[in-house]
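Just need the whole structure built from these sequences, with the hints factored in.
2 protein chains.
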Amino acid sequence: MAASLHRRLPALPLLLLAAGGLRAAERSSSSGSSSAMEELATEKEAEESHRQDSVSLLTFILLLTLTILTIWLFKHRRVRFLHETGLAMIYGLIVGVILRYGTPSSSGHDKPFSCSQENRPFTTLLVNVSGKFFEYTLKGEISPGKIHNVEQNDMLRKVTFDPEVFFNILLPPIIFHAGYSLKKRHFFRNLGSILAYAFLGTAVSCFIIGNLMYGVVKLMKLVGQLSDKFYYTDCLLFGAIISATDPVTVLAIFNELHADVDLYALLFGESVLNDAVAIVLSSSIVAYQPTGENTHAFDAAAFFKSVGVFLGIFSGSFMMGAVTGVVTALVTKFTKLHCFPLLETALFFLMSWSTFLLAEACGFTGVVAVLFCGITQAHYTYNNLSVESRSRTKQLFEVLHFLAENFIFSYMGLALFTFQKHIFSPVFIIGAFIAIFLGRAAHIYPLSFLLNLGRRHKINWNFQHMMMFSGLRGAMAFALAIRDTATYSHQMMFSTTLLIVFFTVWIVGGGTTPMLSWLNIRVGVDPDQDPPPTNDSFQVLQGDGLDSERRNRTKQESAWLFRLWYSFDHNYLKPILTHSGPPLTTTLPSWCGLIARCLTSPQVYDNQEQLREEDSDFILNDGDLTVTYGDTTITANGSSGPHTATTSLDGRRTKSSSEEALECDLGAADHEVTSRGTRLVFPLEDNA
Amino acid sequence: MAASLHRRLPALPLLLLAAGGLRAAERSSSSGSSSAMEELATEKEAEESHRQDSVSLLTFILLLTLTILTIWLFKHRRVRFLHETGLAMIYGLIVGVILRYGTPSSSGHDKPFSCSQENRPFTTLLVNVSGKFFEYTLKGEISPGKIHNVEQNDMLRKVTFDPEVFFNILLPPIIFHAGYSLKKRHFFRNLGSILAYAFLGTAVSCFIIGNLMYGVVKLMKLVGQLSDKFYYTDCLLFGAIISATDPVTVLAIFNELHADVDLYALLFGESVLNDAVAIVLSSSIVAYQPTGENTHAFDAAAFFKSVGVFLGIFSGSFMMGAVTGVVTALVTKFTKLHCFPLLETALFFLMSWSTFLLAEACGFTGVVAVLFCGITQAHYTYNNLSVESRSRTKQLFEVLHFLAENFIFSYMGLALFTFQKHIFSPVFIIGAFIAIFLGRAAHIYPLSFLLNLGRRHKINWNFQHMMMFSGLRGAMAFALAIRDTATYSHQMMFSTTLLIVFFTVWIVGGGTTPMLSWLNIRVGVDPDQDPPPTNDSFQVLQGDGLDSERRNRTKQESAWLFRLWYSFDHNYLKPILTHSGPPLTTTLPSWCGLIARCLTSPQVYDNQEQLREEDSDFILNDGDLTVTYGDTTITANGSSGPHTATTSLDGRRTKSSSEEALECDLGAADHEVTSRGTRLVFPLEDNA
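In order, the protein sequences belong to chains A and B. According to my numbering, the first sequence is numbered sequentially starting from 387. According to my numbering, the second sequence is numbered sequentially starting from 387.
Since the hints were made in silico from the structure, they are not lab data. Predicted model only: the values in this text are computed from it and were never measured. Heads up, some of the hints might be wrong.
Identical copies carry no separate label here, and so any pair may be met within one copy or between two of them.
No farther apart than 27 Å at their CA atoms in a straight line, the calculated lysine-lysine pairs in the DSSO-like style are these [what the hints assert, rightly or not]:
id, residue 1, residue 2
1, 807, 604
2, 691, 807
3, 691, 430
See below:
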């Protein structure tokens, strides 16, 4: 047993944690022993390992730095065919090739240290080494073939992260930012359609892709291309993994060109929510474990259990996210924390992070909880924050999101060459491309047809084609696929997912601008303006009736479910959780008088008018939502106090300016650019 | 061997990394196996462990949230006797007591899995469990006594972090922020004294404490209070650990009361630099390994090797920090990255982090490198950033610093009860308190006497007493002490350090305000104003000669070394690295014409005048440094171009406003408060 015998690397050098841990462990292990030579050797080895970890992290930082500089160059030169995520992947690929073929492979493993334990592996092991006891932690199972693998390149293993890092460290800021930066007005206007696309659509897409892939797998078995087991549940899991769309590239271009806002809202809303659906769907499919002989056949009981798991995890995670959001809103409302933006920002960050932990501790899905927490924070807490904290929190999560996203994409590029267990099967890959195409088609077109039956403002053919086209796959599909690569089927799924992400980000992402013009989709839209009425959906009103036309349309557009929710939110939740809205004393029944007085902040009584306007200057598309529906749908029904009714026209005017202020805020980078004399307007990652 | 046999916890649940890792490992280990029951049990266990990790992290988040809310309450009610760090410790203590006595202790360990290996432990182990191979990583040595320890409380182990987490995750943001938020004007004016206190003073303090403690240890051996070995090098190490002062509480109060700026600069500068000195000093002492028989006696060769190690590590780390700072400055200068604040902030963050990794990869000390990187970034890069990025970077590191610092302090409180290897020796503790008192006295008074010989503006007795009093110990001493707690001596040192930190933060921190008034130290000072001349140091100038008096004084105050450096910085470094300063074509010799033209940014020629003023509005105490010395010391010597000379009076006026803008910027929280109608002015963590 040579010194290099068991030098398989701790797979987790990220953030130097494990590295530091290892080093400390070795340090403390050595400092207590007596043989100085031995000590020194261990210490040296630990330091060497620590150094290598630092180098591998430096590689990633170099990658990101290069990406940032090139992004700048691209933005500077107005290059649009390649998005920063695509760029990160290319750099990752290059570094991956260098690491793969440019670094020496270290010596191989000898035969394993075979102290047979009784029945199953312990998570921790104590080993007696010549009288001293050392503690070992379980890293994972290694297939017997791997043990004798001679090509064990140290550097390749160093740059391989633990898959759970993606789920526990990198995804949460991305997802939280998506929720926190949601443009609420257009999102809520299209809420029904978005929910339909995200839930129904993703489920349809998952099952269609799963079944098609099962056909492909059957075919592969027939022609002898399959060398190991590939079950139906594996195919369904692949369907769930690959159904998480991530049109970050498309949305960036939409943002830049100011493309149609409703289409933007549909795409963005769908992609945000279907990430959550895909995660929970894949957990449910993993939980689908039929009992009895044939463990991979259909079993009704297990199926309904899976459905139950889906509903349970989803609603539980939703609740967790909403609850922490509400708690944060209450804390920021009832303390004067806004006097100290640093404290406020720190609290906001901690509470948002605790959502993740809380959900994980309760057995729900942290990433999903974080999404709904983000939405709640944006809807309520954001209103209570001081102006400085608003920009602080937004900027903080923007930076975290940017770094995490580009890290994942550059890691993807790297993984194509450094991941050691790739299985590329041409039949499977071609089948997968066809399946995702058909799955996306079956997701968009029938659903759009059904939705159009109920929608006043139809989703026209060009929009449908664009949505069909924008089914890019990204970070979420990758994180789901890399989570489990232990078996043959999962390895093949991972390799295929990687190729699909590459293809969609580069080819589809690059083709967005031509596609937009080919489909005649409006660009340069003022987000405050409503789209021009189309013949098949609207009666055109002329003359001075523009205002009322718009109000009517707004009224017609909002579904009854949404109206109900809006009324509840406006009359009860907003006044309880924020300083805005009508006083609770007017909306709550009289027997709740005492509670209502306690919960309503004094500001609401004194300067409700003034607050509304003040708010609408800063609130993320919120003030205008209040106004858009506030005066027509709600106030006209008489369900809120007289205060609201009086602000209808003033409110409308405030709205436009608020929306502009918002756009200015969200697109600060754009304005920065123009103010410096360039005409290049290129949005950053605000809405991805 | 029961299921609970080796359930010693992975010591590193932080950020859920290790937890996620373990979970993934178990997942992948189980999904590949065939026995479903076994699989399920392992999966369940892993999930349970993951859940516990989440709960333990939630505990810390709860602690920090509570701390934040109480800080707010204290600030709101103008309570000054307890600083937020002291508060965090108290909450930590309470939770520690609850965890210690309120949670059930799990079952004990059986005898260890004793497969004796040949000679020394491997970092990774492959274990054959009934035909399947599992990989284990070394966590560290366990003393034989611990193995049979029945009181192995799961929760206590869950909340115990790997010591290197403090060094690799929590200290870097704290130290970087200290460097980045340095108030440069007063720092540079007192540079000589600060360097003397930090280097000479810390070394003196370390050796005096070390020798005194060696006496204490000898005494303990005599009276039979010492049950294991305690070497002279251990005592010296204790001296190094405990010499790192951290007057965060005192500085917060100084900041709040606007106490004397020079005293502030001396204390802040010393504490920032002596952290670096203490780290490197302790590494050098660990590196002191005499050869031959008596391995703990004095050995001249080993001593000089240690001195060499000190110098090598210190200068290497300094270089690393300075180089990455300079690279960042060049990148931000020569690209138009400032058009995209998000990219700029991300780049700034990545480059600053890479300093740490680069230093660690080269075998230097990352924390020290990060400090000098912070100073360089503040001095050069900051000037090149866009206005938005300036506030973004400052706020980002402010939040990170705040969270990290309060986390460390609450962990300290927790550790008093949850750390399992405490050794409290009353003799050692009393000896340590006396030693640090004498060490601080020997550090401050003789050095101040010597410095006063050379200083125009003397450090008077009251200042010296205040500096003596402000020798609080904090995060750095804790991090150094917890780094190695494997032996008896180190455990005793750790427990003693913990008590010293508690005592100094609570008692000394709480006594700062009374002490200030008792020592008649000026409060409410306008930081722009110079202190009133004292009789023993200055000739008083009256009448309209105020300006020239001040200029003269400034000239006299700056030492020749500093003048030299300033001239070099102003004429060469600033023009190369930033957009300010005189054009290089005028300062460099004529044969460098081409290079000079390439390096000088076009802005410098066109609108040098305008730029100076523009800069001085935003640069962190930088514009005024340029001016304060620019017109007298440098320009009068004719070493810079005519452009500089013309700005003397204008510049002076700009200075005041720039300093005000800066103070406003740094103390944004204060202004926030006053603008909201309260009169409470309480600084946040800006300068700690």
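Checked hints:
no.	hint	result
1	807 - 604	within (23 Å within a copy, 60 Å between copies)
2	691 - 807	neither (33 Å within a copy, 48 Å between copies)
3	691 - 430	between (53 Å within a copy, 18 Å between copies)
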